[in-house]
Each structure stands twice: as structure tokens, then as C-alpha cells.
Amino acid sequence: NNANVLKADLTPWSTGEKVFANAPFSTPWRTIIIADKPGDLLLSRLMLNLNESCQIEDTSWIQPGRYIGIWWGMHMEKYTWKQGPKHGATTANTKRYIDFASKYGFSGVLVEGWNYGWDNDWTVEGDKFSFTKSYPDYDIEVLAKYAAQKNVRLIGHNETGGATMNYESQMDSAYAYYQRLGINTVKTGYVSALLDKKERHSSQYGVRHYRKVIETAAKYRIMIDNHEPVMPTGLQRTYPNLMAQEGVRGQEYNAWSSDGGHPPDHTTIIPFTRGLAGPMDFTPGTFNYNNPVYPGTRVQTTIAKQLALNVILFTPLQMASDMIENYEGVPAFEFITSCPSSWAETKVPEAKIGEYLIIARKDRSSENWFVGSITNAGKRDISLPLSFLDKDAKYKAKIFRDGAFANTFSPVDQGVKSAFKTLALL
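First residue of the sequence shown: 1, per our numbering; consecutive thereafter.
Heads up, simulated DSBU-like pairs for lysine-lysine below, C-alpha to C-alpha not over 30 Å straight-line:
| hint | residue 1 | residue 2 |
| --- | --- | --- |
| 1 | K133 | K150 |
| 2 | K18 | K197 |
| 3 | K86 | K133 |
| 4 | K362 | K391 |
| 5 | K398 | K103 |
| 6 | K391 | K352 |
| 7 | K347 | K379 |
Okay, the calculated beta carbon distance ranges per label pair:
| hint | residue 1 | residue 2 | range |
| --- | --- | --- | --- |
| 8 | K352 | N22 | 46 to 52 Å |
| 9 | G16 | D381 | 53 to 59 Å |
| 10 | D381 | K219 | 50 to 56 Å |
| 11 | F25 | E125 | 35 to 41 Å |
| 12 | I34 | K212 | 30 to 36 Å |
None of these hints come from the bench; they were simulated from the model.
Don't be surprised by glycine CBs; every beta carbon is placed ideally from N, CA and C.
Based on the provided sequences and hints, a complete structural model is requested.
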């Protein structure tokens, strides 16, 4: 009755064919991850190990980091992507973000809406995008130098509107230009129903394009954060400049989704689904929950949960999503600025899919451990075993927590003056 049959459906081309290939050929792997308990699923390296070894000889330029961006303000309609009185990607505004990044130790600033092409209906006219010509109020060369002086890098943004042929025709010239400017990371986007108005993102057509982007970027020492991607398959082992991918219902849905945003259990599920496929660019870290555009849609978490997601949801390029003015003067922001994005060890002490999850990660550059603990809407007490710590060492723990009355509808307990407490583990 086929009840125990795993079927892999391939996305066809617009002409109906599923694959064009020369015989003989080998099909990609199809995998099933099996574990004794939920937390062990998150520790699997099966998908990575089935990929070819690294094809980049010198990987010293591939560096993890944390970044901020002129992005959430666009969703809140404080800024616009297109030109006009509220244009977000201006030289002055970007300098403000660079100054903030430098002050708090962020490695990069993502700027969307900097290049020609946003004034059209870009989801339909993606072929109008230029990836080297900036708007008059955005001096990319001045900003690249300014950022370098502040020990910060600009992160390039290449939204294609699904027009992959237009993008491929400009990739070499654009990446060479970015390399000269010291821009070593590009966030790509493919907001469209179809690629080039005919092919599905997950088709062979799309897969070939995404791989070409990664391979071309590697030639110019550029890291890629791919949005609207094909489902990840562990290709970052072969091309480690593929730092992160979206492919997940991320934070932006909390800005405009008609269903009101993610329910609290969403982030207790996606680590065990999309998260098993590789690093995901969810973009946690929103502190202001007021939504002037869609008042019925909001981030349905507490401040402490937004902090914990920096540990729970792995990506070597981690974004702090909110507008910078929402971080100033908030004690909880200290956790984001101190939390790494590259880890030496990962432990999952407790997990129940859809209910709760605790992950402990050891910083790759120090002896510090970071622990993130999240739950769904249900209240619970969990004992955390600390057996992963060095039994001969002494530790000091700084605990960031919500107040007793914080919940998804009142994310900040105004009665609690301090968002954290410090204790010694002897």
C-alpha cells in the first residue's frame, strides 16, 4: 500500500522535464536522520559529510560575524527601499549605522535599497536592477572607506527579483567591484514566484543558478547569505563561503504576515525541520514590538527569548534585526553584543519538539559557554544539568531572564529593573 515508501518528487522545468543530464550520471543523496532523542538530531553531520570536500584552497578570508542593517525600519515603513523622502539607504543614515556597529563590535552593516532598480515593481521587473550603480544619495565608495576606518565592513545586497539572467550577466563585474571596495559579504534575494518568469526556485534551473553564484563569489573572496534559496543540502562543506541561507519563515513575517506573526511554538519546531539542513538566517533580536503598519501583527516572544534565539538558531552570520535606536540603553542588548556566531562545541541537554529546547554552545575563541533556553506559550520549570562544563574550572554565570509577568503579549516586564543577574559556579 506504499505506506512505508519514501518518495522524492523532483521539481520539473517549465517544459515538463525534471532533469537534463548526460548519461551515465549519479543522483544526489536522499537522507533520513535517525536519533534516540530529539536533541541528537541537531548534532547530526550526515548531510555535510555526504558533500564533497572543500574546493576553496585558502579559506582564511571566510570569517563569521554579527551584523546590523537598515532593514527592519523598512518593514516598519520608517524607511523605503526606493528613492524618495524616506529613502533608507543614504550616506548619512548608513554612517549612523556604521558608527553604531563600530561602537558595539558588530562586523558588518547590511544596506538594502542602495542600488538602481527599486523604483519599479521590482518583483516583476527584476531585470532593471543594477548591482554596481548606486542611488545619488548613497556613496558606496565613501561608505566602504568610512566603514574600514571603523573596523566594519559594508554587506552588499543583491536583490534580483528572480531575474537570474540579469544577475548572472553582472556577477563578475559586481563581485570584482565589491572586492576592490573591501565588501566581502553579499546577501542575495529572489523575491518572485518564478525565476526569469518561467522556472521554479527548486528546479534544476534554480539549483544550477544558486551554485553558480556561490562558485563565482568564491573567485572574488565573497561570502554569500542566500535568501529565497533552494533547500540547503550541506554544500557549505564544499564551498564554505556559503555562510547562511534563509529558506525559513523568519523574523520578517512578524512584521507583515496576515496571520499575526509566528506563534510562540514556531521557534521550538524549526530547529528540527529547516535547521537540520544547515545554517538559517532567521534574524532574531527585535526588541520593539509596536507595529505601526500592521498593529495586529507582532513578534510573539519576550525579550529573553529573542536573546536565546541567538544561541538556538545557528548561523555563522547572525543579524541583530531591530533598528539601532531600539537597542540603545537596553541592558539586555549586552547579550547580543557578547554572543559569538562561531562555536567549538554544541550540546543539547533538553529538547521536546514543539514544546521547549535548551542548547549550550562553547565559543570557538574562548572558554565561555552560552546557553539558550526557549519554550512555547506554556510555562515550565526545567533543571539544566551542567555536565558539559569543565569540572575542574570555576565559572561565573550571567543570566538574562524575563520578569515574572512577561509573556507574549507583554514581552517586557516593566516591574523588573534588571534584565539579568550574576552568580558564581564554584
